[in-house]
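One line per chain: the protein sequences are A and B, in this order. Take 205 as the starting number for the first sequence in the working numbering and just add one per residue. Take 4 as the starting number for the second sequence in the working numbering and just add one per residue.
Bear in mind the hints are in silico, worked out from the structure with no lab data behind them. Don't take every hint at face value.
As the list claims (entries may be wrong) - Below are the DSS-like pairs computed for lysine-lysine, each with C-alpha atoms no more than 30 Å apart in a straight line:
# : chain 1 : residue 1 : chain 2 : residue 2
1 : A       : Lys261    : A       : Lys282
2 : B       : Lys55     : B       : Lys6
3 : A       : Lys261    : B       : Lys72
4 : A       : Lys282    : A       : Lys218
5 : A       : Lys282    : B       : Lys72
6 : B       : Lys6      : A       : Lys261
7 : B       : Lys57     : B       : Lys72
What the hints assert, rightly or not - Ranges of calculated distance between the beta carbons of each label pair, as one might list FRET restraints:
#  : chain 1 : residue 1 : chain 2 : residue 2 : range
8  : A       : Asp267    : B       : Pro79     : 46 to 56 Å
9  : B       : Ser12     : A       : Pro274    : 21 to 31 Å
10 : B       : Glu61     : A       : Gly207    : 28 to 38 Å
11 : B       : Arg48     : A       : Ser262    : 20 to 30 Å
12 : B       : Asn33     : A       : Ala257    : 38 to 48 Å
13 : B       : Ser82     : A       : Gln245    : 37 to 47 Å
14 : A       : Gly301    : B       : Asn60     : 12 to 22 Å
15 : B       : Thr75     : A       : Gly207    : 20 to 30 Å
16 : A       : Ser231    : B       : Glu61     : 20 to 30 Å
Stated by the list, open to error - Some chain B residues well away from chain A (every beta-carbon gap over 12 Å; in silico):
#  : residue
17 : Glu17
18 : Gln19
19 : Asn28
20 : Thr37
21 : Tyr39
22 : Ser44
23 : Leu92
24 : Gly94
Beta carbons are placed, not taken as given, at the ideal position from N, Cα and C, and that holds for glycine.
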Amino acid sequence: GAGVSQSPRYKVAKRGQDVALRCDPISGHVSLFWYQQALGQGPEFLTYFQNEAQLDKSGLPSDRFFAERPEGSVSTLKIQRTQQEDSAVYLCASSLGFSSGNTIYFGEGSWLTVV
Amino acid sequence: LAKTTQPISMDSYEGQEVNITCSHNNIATNDYITWYQQFPSQGPRFIIQGYKTKVTNEVASLFIPADRKSSTLSLPRVSLSDTAVYYCLVGDRGGGATNKLIFGTGTLLAVQP
């Protein structure tokens, strides 16, 4: 597609439920990022992939959060045993490469509400 | 830890030029300066990026002084639809294992009629 696509756009989960959020990056983009954005705050970095390799997962808040990109294109962010503090917008972004001058493009986000 | 400092909010009127200044005292040699715009319920949208001096595109200009410790985003003749949060970011675009951008709190620009 023309841009970064995320699904579902909105998700309501009961506390303790597992959720999976999908990201389709721009075709051919090597780099893929996940960010978490709480209400009224700026996006916070979660994890980074270069192709299928997860090179940085320093921002994942706990071991309940897991991300994968097995074939170097589509990525899934999985949150196990969701808690209310996981309620946020989860943003996926991609860029063509990782070298200078490559612009990072964001998707519209997946809004997760844990009740 | 955010590497940039910018005003929390700014007010303007339609048709005015708006300048938003960002401080990044600890900018590294390889860091580029990037500005994003974000509307409610949407993801951040790339506006402009630069390394030094002045960069201009169809929507904005970016002024970067020689010491690169600050930058100014200039929006000419704003309209009501420019009301949004504007983020200034610095990041190492020179390769390496992670090329992540660190967001601060952003500047909420409110344009009034």
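Which of the numbered hints are not met once you compare them with the structure shown? Result: hints 5, 9, 10, 12, 13, 20, 21, 22, 23, 24 break, sorted rising.
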